[in-house]
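Asker: Using our numbering, the letters of the sequence shown correspond one by one to residues 1 to 91.
Check the hints yourself; a few may be wrong.
[What the hints assert, rightly or not] Ranges of calculated distance between the beta carbons of each label pair, as one might list FRET restraints:
{"id": "1", "residue 1": "D34", "residue 2": "E69", "range": "33 to 39 Å"}
{"id": "2", "residue 1": "H33", "residue 2": "G86", "range": "20 to 26 Å"}
{"id": "3", "residue 1": "D63", "residue 2": "P85", "range": "15 to 21 Å"}
{"id": "4", "residue 1": "A55", "residue 2": "S7", "range": "29 to 35 Å"}
{"id": "5", "residue 1": "P29", "residue 2": "E51", "range": "30 to 36 Å"}
{"id": "6", "residue 1": "L28", "residue 2": "G49", "range": "20 to 26 Å"}
{"id": "7", "residue 1": "L53", "residue 2": "A9", "range": "14 to 20 Å"}
{"id": "8", "residue 1": "G26", "residue 2": "G86", "range": "32 to 38 Å"}
{"id": "9", "residue 1": "P85", "residue 2": "M64", "range": "32 to 38 Å"}
Calculated directly from the structure, the hints in this document are not laboratory data.
Beta carbons: idealized from backbone N, C-alpha and C, even for Gly.
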Amino acid sequence: MSSVTPSQAWGVGAAADGGGAALKNGWLPADVHDGLWTVNSVGLLDVHGHEVLVAVLSERSPDMRTGIETVERLARLAVNALTRPGTTVGG
1 MSSVTPSQAW GVGAAADGGG AALKNGWLPA DVHDGLWTVN SVGLLDVHGH EVLVAVLSER
61 SPDMRTGIET VERLARLAVN ALTRPGTTVG G
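Modelling step: build the complete structure from the supplied sequences, incorporating the hints.
Answerer: Here's what the structure looks like:
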C-alpha cells in the first residue's frame with residue numbers, strides 16, 4: 001500500500017500534509033452499478049507528525065472523476081476535523 005503507482009495517486013492521500021501515505025483505492029465502473037460509479041479509498045496518512053487512518057466510501061457518482069473529487073474532499077474534511085488544535089488524535 002505504500003508503493004503507489006502514479007495512476008492511482010488519488011484518494012485519501014490528498015489529505016496528507018506531504019509526509020506520505022499508504023493507500024488502497026477501489027472502484028466499480030458505471031456499467032456495473034446502474035450507470036453510476038462506486039469510488040472508495042483507504043489510507044494511513046502522516047498528518048502533522050501523527051498517523052491517521054482514513055476510509056472514505058462513496059457510491060452513485062456520475063463519473064469516476066466526480067467520485068475521486070468527492071473522496072478527496074471528504075478525506076480533507078475528516079483529517080481537518082481530527083487534527084485541528086485541541087483535538088486528541090488516537091486518544
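Asker: Would you say the C-beta atoms of D63 and P85 sit inside 15 to 21 Å of each other?
Answerer: At roughly 37 Å between Cβ atoms, P85 and D63 fall outside 15 to 21 Å, so the hint is violated.
Asker: Just to be sure I understand the hint, the distance between the Cβ atoms of P29 and E51 should be within 30 to 36 Å; is that true here?
Answerer: For E51 against P29, whose Cβ atoms are near 32 Å apart, the range 30 to 36 Å holds.
Asker: May I ask you to test the hint 20 to 26 Å on the CB atoms belonging to H33 and G86?
Answerer: Since H33 and G86 have Cβ atoms about 40 Å apart, the given range 20 to 26 Å is violated.
Asker: Quick one: are P85 and M64 within 32 to 38 Å, going by C-beta?
Answerer: holds, 35 Å
Asker: Using the C-beta atoms of G26 and G86, is the stated range 32 to 38 Å upheld?
Answerer: Holds, at about 34 Å.
Asker: Does the Cβ pair L53, A9 satisfy 14 to 20 Å?
Answerer: Since the Cβ atoms of L53 and A9 sit about 18 Å apart, the hinted range of 14 to 20 Å holds.
Asker: Does the Cβ distance between A55 and S7 fall inside 29 to 35 Å?
Answerer: This hint is violated: roughly 21 Å between Cβ atoms.
Asker: For the pair L28 and G49, does the Cβ-Cβ distance stay inside 20 to 26 Å?
Answerer: violated, 35 Å
Asker: The hint says 33 to 39 Å between D34 and E69; measuring C-beta to C-beta, is that right?
Answerer: violated, 20 Å
Taken one by one, the earlier hints fail for this structure at numbers 1, 2, 3, 4 and 6, listed in ascending order.
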